[in-house]
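Student: As numbered in mature numbering (1 follows the signal peptide of the UniProt record, and there is no 0), residues -18 to -1, 1 to 191 make up the sequence shown, in order.
FYI, nobody ran anything at the bench for these hints, they're computed from the structure.
Please note: incorrect hints may appear among the correct ones.
Per label pair, the in silico range of CB-to-CB distance [as the list claims (entries may be wrong)]: (1) Q180 <-> S73: 12 to 22 Å; (2) A45 <-> K117: 18 to 28 Å; (3) T116 <-> G70: 12 to 22 Å; (4) D99 <-> P191: 35 to 45 Å; (5) Q136 <-> K114: 26 to 36 Å; (6) T138 <-> E48: 19 to 29 Å; (7) K114 <-> K69: 36 to 46 Å.
27 Å max Cα-Cα, derived DSS-like pairs, lysine-lysine [what the hints assert, rightly or not]: (8) K69 <-> K54; (9) K117 <-> K82; (10) K69 <-> K114; (11) K37 <-> K114; (12) K123 <-> K54; (13) K117 <-> K183; (14) K114 <-> K54; (15) K82 <-> K183; (16) K54 <-> K37; (17) K54 <-> K186; (18) K123 <-> K186; (19) K117 <-> K60; (20) K30 <-> K69; (21) K37 <-> K183; (22) K114 <-> K30; (23) K37 <-> K60; (24) K82 <-> K123; (25) K54 <-> K183; (26) K69 <-> K183; (27) K183 <-> K30; (28) K82 <-> K114; (29) K30 <-> K117; (30) K186 <-> K69; (31) K60 <-> K30; (32) K82 <-> K60.
Each residue gets a CB set at the ideal place from its N, CA and C atoms; glycine is no exception.
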Amino acid sequence: MAAGVISATSLLAGPAQAFAPGSAPAPATASARTPVTVSLQSSAQAAKPCPLPTKADIRRSAATAEDRPPRKGTNALKGVRVGYVPKGFVSGGVTVNRHKGLVEYSYTWTDDRSDMDYRRRTLWVRVVCAPKATKLDHLRKTPFDLGSFGNARQATYGGRRVLTQSADGALGHGRYLGWVERPGTIVTVLASQPLVPQLNKIVKGIRLP
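With the sequences and hints as input, model every part of the structure.
Tutor: Have a look at this one:
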């Protein structure tokens, strides 16, 4: 399949991809190729645009390519530094998705245990370019492709004020949280149950230049 082309202002449109973190992302389809304009930054943050995927990552996402071993946190996503990644992962994968005016760019680290095994170690870090998101409560109405915040509560993790809730359903087990890093840029994190005690350290280590 020919990879789509993404720039700071447009992304080739395609159907939304839904997948469970820790499993292979759903392959993209080539049924639609109409450019869709996506505003990725507010005027107040013009010097700090929302991180966008590289062309190479778009191709790897479309091919559902797997990294063995997984990428390090410092180079998993362009423009995002995951300063602390727990040990014990054996594979990883990048996913790029356009959905209802959002651009979602994420990386999943996982081990080889079954999705049904509560010992499974999974960490999913996602940056979402959401032009209308300017404050924490906006996460409740943001139409994420996977992982809503409808029943979330406010809490503090790693020095950040976040919305958080128990993960279930397609998200698997563990804890799911998110915050507005800056206007137009949301970060979400999912940690499976064995990694929940390390969430403070994980969140504290995430930086966007």
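Student: For every hint, state whether the structure bears it out.
Tutor: Now the hints, each set against the structure:
| no. | hint | verdict |
| --- | --- | --- |
| 1 | Q180 <-> S73: 12 to 22 Å | holds, 19 Å |
| 2 | A45 <-> K117: 18 to 28 Å | violated, 37 Å |
| 3 | T116 <-> G70: 12 to 22 Å | violated, 37 Å |
| 4 | D99 <-> P191: 35 to 45 Å | holds, 36 Å |
| 5 | Q136 <-> K114: 26 to 36 Å | violated, 20 Å |
| 6 | T138 <-> E48: 19 to 29 Å | violated, 34 Å |
| 7 | K114 <-> K69: 36 to 46 Å | holds, 38 Å |
| 8 | K69 <-> K54 | holds, 11 Å |
| 9 | K117 <-> K82 | holds, 19 Å |
| 10 | K69 <-> K114 | violated, 36 Å |
| 11 | K37 <-> K114 | holds, 25 Å |
| 12 | K123 <-> K54 | violated, 32 Å |
| 13 | K117 <-> K183 | holds, 23 Å |
| 14 | K114 <-> K54 | violated, 31 Å |
| 15 | K82 <-> K183 | violated, 32 Å |
| 16 | K54 <-> K37 | holds, 19 Å |
| 17 | K54 <-> K186 | holds, 16 Å |
| 18 | K123 <-> K186 | holds, 25 Å |
| 19 | K117 <-> K60 | holds, 24 Å |
| 20 | K30 <-> K69 | violated, 31 Å |
| 21 | K37 <-> K183 | violated, 30 Å |
| 22 | K114 <-> K30 | holds, 16 Å |
| 23 | K37 <-> K60 | holds, 11 Å |
| 24 | K82 <-> K123 | holds, 12 Å |
| 25 | K54 <-> K183 | holds, 16 Å |
| 26 | K69 <-> K183 | holds, 13 Å |
| 27 | K183 <-> K30 | holds, 24 Å |
| 28 | K82 <-> K114 | holds, 12 Å |
| 29 | K30 <-> K117 | holds, 16 Å |
| 30 | K186 <-> K69 | holds, 17 Å |
| 31 | K60 <-> K30 | holds, 14 Å |
| 32 | K82 <-> K60 | holds, 22 Å |
In summary, the structure is inconsistent with hints 2, 3, 5, 6, 10, 12, 14, 15, 20, 21 from the numbered list given earlier, while agreeing with the others.
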